[in-house]
Amino acid sequence: MTLIPEIDEDACLAHGDCAQVAPGVFTVTDIAHVTGTAPDDVLRKAARACPAGAIVLLDADTGEEVDP
Amino acid sequence: MRRVVIAGGGLAGQRAAETLRALGHDGPITMLAAEPRAPYDRPPLSKAILAGETPDLGLRPATWHADNGVELLTGTPATGVAPGRVRTPAGDVPYDELVIATGASPIRLPGLPAAQALRTLEDARELAGQLRPGRRIAVVGAGLIGQEIASAAAARGAHATLIDVAPRPFDALMGPGQGDWLRARHEDAGVTLRLGRRLTATDGDALVLDDGTRVTADRVVVAIGVRPELAWAADARGAHLAGDCTGSAHWEAAARQGAAVARTILGLPPRPEAPPLVWSDQHGARIQRVGDPAGADRVERDGEDTAFTLTFTRAGQPIAATLVNRPGDIAKARRALQTQAKEAA
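Chains as they are written, first to last, in numbering that gives the first Met the number 0: chain A, 0 to 67; chain B, 0 to 344.
Please note: incorrect hints may appear among the correct ones.
[As the list claims (entries may be wrong)] Label-pair restraints from in silico Cβ distances:
#1 B/Pro27 / A/Val33: 53 to 63 Å
#2 B/Ala233 / A/Thr28: 27 to 37 Å
#3 A/Asp60 / B/Gly83: 56 to 66 Å
#4 B/Leu22 / A/Met0: 32 to 42 Å
[Unchecked claim] Some chain A residues close to chain B (C-beta under 8 Å, calculated; not the full set):
#5 Ala13
#6 Arg47
#7 Ala51
#8 Ala53
#9 Gly62
#10 Asp66
The set of hints was computed from the structure by calculation and includes no laboratory data.
Nothing here was measured: the structure is a model prediction, and the numbers come from that model.
Quick reminder that beta carbons are idealized off the backbone N, C-alpha and C, glycines included.
Start from the sequences, fold in the hints, and give me the full structure.
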């Protein structure tokens with residue numbers, strides 16, 4: 000499976016954990032933005048690390064949300 | 000160019016500075032931090048630091064302020080306000096827009112002058128050094144901080160006694176009527192609970208409770224709440240408030256308020272409301288709550304004893320969820336509330 004990360008902008012609190020776990024994927028300004036990609040396991044780890052639960056992972060094939 | 004002064008060097012002030020820069024404010028920004036260091040994250044003070052770890056607590060990389068043209072004056076508390084100027088021990092700082100984000104100070108008990116509070120990194124390091132096998136730690140106040148201190152003390156072999164006037168203090172985090180699971184975790188870890196009890200006197204190294212119980216302690220920590228740090232700003236007019244000085248005492252609220260005042264200063268519309276979020280680490284469990292469970296007429300429990308979700312509903316609609324060791328479910332839980340709120344609107 001290939002995952003696509005998205006940021007739920009209403010939920011993101013700019014904590015920055017995602018950018019620490021996956022610095023090549025997330026950039027934090029006033030909120031986090033997706034600026035790159037990484038293997039699925041890194042994306043899952045970043046999504047689980049987000050205290051606000053603001054990272055949404057989508058299955059690239061089906062577009063459906065996937066549990067981190 | 001409007002000159003923004005942010006009084007306060009915590010999370011809310013930092014978020015205000017970041018949001019101003021990210022959304023295009025290119026005028027001067029000065030942050031006045033009372034503590035002698037750059038803005039840092041406080042939740043780990045009662046978690047990782049008490050556990051004896053030494054994480055990097057900086058909210059942003061050490062060069063962030065210099066890189067973003069934000070003047071950070073550490074060890075420089077705001078001490079007063081005159082029209083267009085903030086007073087500090089290092090002189091007056093002029094402003095066009097003032098953000099008040101000076102946080103809050105622990106409420107102390109006059110009868111316990113030697114008792115410690117937990118608010119700053121220094122407090123946490125000092126207390127961490129006390130959490131040794133055999134040490135007796137009395138914690139007055141069983142809110143989130145008190146619970147986490149008791150948990151950390153127990154994990155390091157110290158003996159903690161948790162005292163609170165409320166008979167069911169664990170309901171505040173877990174949800175109405177749902178605190179028994181967390182209470183049992185404290186009891187299993189060897190924490191002595193003195194709940195529904197009032198502190199009436201001290202006698203040497205003992206605290207005396209209203210039922211006559213004596214709690215002998217090597218160290219007393221008072222964690223009964225905080226008071227907004229606003230006395231210095233009594234003369235401020237037209238300033239923007241954010242963070243713990245507003246009376247809200249949670250990380251998530253401070254982060255949102257800091258960003259919100261920046262948007263106000265820039266004339267931007269507010270971001271949509273989101274359900275409140277709190278979290279705590281105790282006895283090896285990560286507990287997260289989203290939404291406000293007060294007024295729930297039904298609770299559903301899903302999962303095992305060590306990892307479960309409590310969903311609180313009112314009139315059939317979800318209003319809050321408490322997650323124990325289910326960090327992967329927080330996004331879904333929050334969105335269930337937001338969807339419901341949008342439909343109700």
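Hint by hint, here is what the structure shows:
1. Under the hint 53 to 63 Å, the C-beta atoms of B/Pro27 and A/Val33, about 31 Å apart, miss the expected range.
2. Our hint of 27 to 37 Å for B/Ala233 and A/Thr28 holds, since their Cβ atoms are close to 35 Å apart.
3. For the hinted restraint 56 to 66 Å between A/Asp60 and B/Gly83, the CB-CB distance of approximately 59 Å keeps it satisfied.
4. The hint said 32 to 42 Å for the Cβ distance between B/Leu22 and A/Met0, and at roughly 36 Å that hint holds.
5. Given the 8 Å rule on beta carbons, the hint for A/Ala13 holds: about 7 Å separates it from the nearest Cβ of chain B.
6. The closest approach between the C-beta of A/Arg47 and any C-beta of chain B is roughly 5 Å, which is under the 8 Å cut-off, so the hint is satisfied.
7. For A/Ala51, the shortest C-beta to C-beta distance to chain B is roughly 6 Å, which falls under 8 Å, so the interface hint holds.
8. Given hint, A/Ala53 at the interface with chain B, holds; its Cβ is 7 Å from that chain's nearest Cβ, closer than 8 Å.
9. Of the supplied interface hints, the one on A/Gly62 is violated, with its beta-carbon coming no nearer than about 16 Å to a beta-carbon of chain B, more than 8 Å.
10. Using the Cβ-Cβ criterion of 8 Å, the hint placing A/Asp66 at the interface with chain B is satisfied: the shortest such distance is roughly 6 Å.
Checked against the numbered hints given earlier, the structure breaks hints 1 and 9 and satisfies all the rest.
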